[in-house]
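2 protein chains.
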Amino acid sequence: MIVERSGSVQITTSVMGRNDRFAALNRECIRAAGIFALNLISSPGAGKTTLLEAMARRYGGRMAVIEGDVRTRRDAERVEKAGSRAFQIETGGACHLDAEMVGKAMETLDLPGSGVRLLVIENVGNLICPSGYDLGEDMKVGILSIPEGDDKVLKYPSLFSRISVLLISKTDLFPHLDFDVKRAVMECRSLNPDVRVFTVSAKTGDGMEGFFGFIDEAAESASTRRGSMP
Amino acid sequence: MIVERSGSVQITTSVMGRNDRFAALNRECIRAAGIFALNLISSPGAGKTTLLEAMARRYGGRMAVIEGDVRTRRDAERVEKAGSRAFQIETGGACHLDAEMVGKAMETLDLPGSGVRLLVIENVGNLICPSGYDLGEDMKVGILSIPEGDDKVLKYPSLFSRISVLLISKTDLFPHLDFDVKRAVMECRSLNPDVRVFTVSAKTGDGMEGFFGFIDEAAESASTRRGSMP
Chain A
1 MIVERSGSVQ
11 ITTSVMGRND
21 RFAALNRECI
31 RAAGIFALNL
41 ISSPGAGKTT
51 LLEAMARRYG
61 GRMAVIEGDV
71 RTRRDAERVE
81 KAGSRAFQIE
91 TGGACHLDAE
101 MVGKAMETLD
111 LPGSGVRLLV
121 IENVGNLICP
131 SGYDLGEDMK
141 VGILSIPEGD
151 DKVLKYPSLF
161 SRISVLLISK
171 TDLFPHLDFD
181 VKRAVMECRS
191 LNPDVRVFTV
201 SAKTGDGMEG
211 FFGFIDEAAE
221 SASTRRGSMP
Chain B
1 MIVERSGSVQ
11 ITTSVMGRND
21 RFAALNRECI
31 RAAGIFALNL
41 ISSPGAGKTT
51 LLEAMARRYG
61 GRMAVIEGDV
71 RTRRDAERVE
81 KAGSRAFQIE
91 TGGACHLDAE
101 MVGKAMETLD
111 LPGSGVRLLV
121 IENVGNLICP
131 SGYDLGEDMK
141 VGILSIPEGD
151 DKVLKYPSLF
161 SRISVLLISK
171 TDLFPHLDFD
181 VKRAVMECRS
191 LNPDVRVFTV
201 SAKTGDGMEG
211 FFGFIDEAAE
221 SASTRRGSMP
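Heads up: the protein sequence lines correspond to chains A and B, in order. When you line the first sequence up against the working numbering, it's residues 1 to 230, in that order. When you line the second sequence up against the working numbering, it's residues 1 to 230, in that order.
Just so you know, the hints here were simulated from the structure itself, not pulled from any lab data. There may be inaccurate statements among the hints.
[Said to hold, decoys possible] Covered by chain A, per the in silico footprint, the following chain B stretches (three or more residues, Cβ under 8 Å):
{"#": "1", "segment": "36 to 45"}
{"#": "2", "segment": "71 to 80"}
{"#": "3", "segment": "122 to 129"}
[Said to hold, decoys possible] In silico contact screen, one side only, chain B against chain A (beta carbon under 10 Å); selected entries:
{"#": "4", "residue": "144"}
{"#": "5", "residue": "147"}
{"#": "6", "residue": "157"}
{"#": "7", "residue": "171"}
{"#": "8", "residue": "176"}
{"#": "9", "residue": "223"}
{"#": "10", "residue": "225"}
Quantities reported herein were computed from a predicted structural model and do not represent experimental measurements. Yeah, the Cβ is synthetic: ideal placement off N, Cα and C, and Gly gets one too.
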């Protein structure tokens, strides 16, 4: 049993070391291209793709998307239809994206010189496993949708302690559900005092301008860091 | 790299072999006690605990619940308040329950002779990782909630191909969301032709009688198999 456990730890460390090396490469490419990169993480069905459709309608060719799903190409098709380029990763059984998968997708998207300023990686729908994998992104964005309930932050601390932005989504459903925004935000800040919070409905557009303003500013600042690189 | 990969496969096989041995033990105990056991799997916030509260109000002391969460004891407290015994497993970082954790919880619950006829294991909220772990249950029940969207079945085939029952939950939200029940059921049957389907709202009670009838029958049949055991 001890052999089994120590073997397991060794493998985990080795997998994470390998992932971190690929993440560092991705980060280098992203910075060199002057791109701002987000890693979008949520439960299945929290509204990641609907949010990306709204972003694609706004950013068009200035945004590219890497879609992660266990199976199907449905999400990439939706984003492309809304106006941005998208590359679908089907992970097979895997419950998260890793930096190597994302690096290969970035190569295919051929970002440098493409006019893309914003890269969004839509992770596999899962509040647990994706949070531990650095993909080379600038920020992790966690989405919590109103129907999931306001008690989820402390249940999934590994994600909510690591995100830079909390998006509370599907606010159009407020009239039909009990969800205490103050509780969710307070619990998130207890893990993560500096988290930025936006409440949005990608369906009605409610709150989206604030989120877009934040993205515009971050992308602008990422494009200037290119010049400052050695 | 090859060493890393082969090591990884070896460990996975060893972990699953270990899990299967514990699952067989759990199954033996469950059968010997004449109990019917369900393994409830869904995304975070699909309504597992609200369903269990409704079941606790109906079955009271005849039901016991094992709650799986990464963190917090919130779900066990809700179920106990509604009238059934509950044992909370906090998995720490783990994204699924395994049979060893469940076996320990069963020991603590001390089921034989307790009057419990129905054991429900609420797995960690995750559509991917829990589906591969046998816990010794009689049936896996998959919950898909209306707000998650009708496209989720084919995205998460490892779960939806293994369940005996599909519960489409939160039907009270039908008027506010587009969800094509026929599509979800058809896609689930394409993976899993014999799946039983119930559409329910644990909040309003809509459809719950059909689901309770199914449980009553299965529990009745489980209680008689005790007598037929060697």
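Hints and how they fare:
1. Proximity of the segment 36 to 45 of chain B to chain A, defined as three or more residues with a beta carbon under 8 Å from a beta carbon of that chain, is established by the 3 residues found.
2. Coverage of the segment 71 to 80 of chain B by chain A holds. Counting CB-CB distances below 8 Å, 3 residues qualify, and the rule asks for three or more.
3. A stretch counts as covered by a chain when three or more of its residues have a beta carbon under 8 Å from one of that chain; for the segment 122 to 129 of chain B and chain A the count is 6, and the coverage holds.
4. The closest approach between the C-beta of residue 144(B) and any C-beta of chain A is roughly 8 Å, which is under the 10 Å cut-off, so the hint is satisfied.
5. Hint on residue 147(B) holds. Least Cβ distance to chain A is approximately 4 Å, under the 10 Å limit.
6. Checking residue 157(B) against chain A: minimum C-beta separation of about 6 Å stays under 10 Å; hint holds.
7. Interface hint at residue 171(B): violated, since its Cβ lies 12 Å from the closest Cβ of chain A, which is beyond the 10 Å cut-off.
8. The closest approach between the C-beta of residue 176(B) and any C-beta of chain A is roughly 5 Å, which is under the 10 Å cut-off, so the hint is satisfied.
9. The beta carbon of residue 223(B) comes no nearer than 34 Å to any beta carbon in chain A, farther than 10 Å, and the hint placing it at the interface is violated.
10. Residue-level restraint check for residue 225(B) is violated (minimum Cβ-Cβ distance to chain A is 33 Å; threshold 10 Å).
In the structure shown, a violation is registered for the earlier hints numbered 7, 9, 10, in ascending order.
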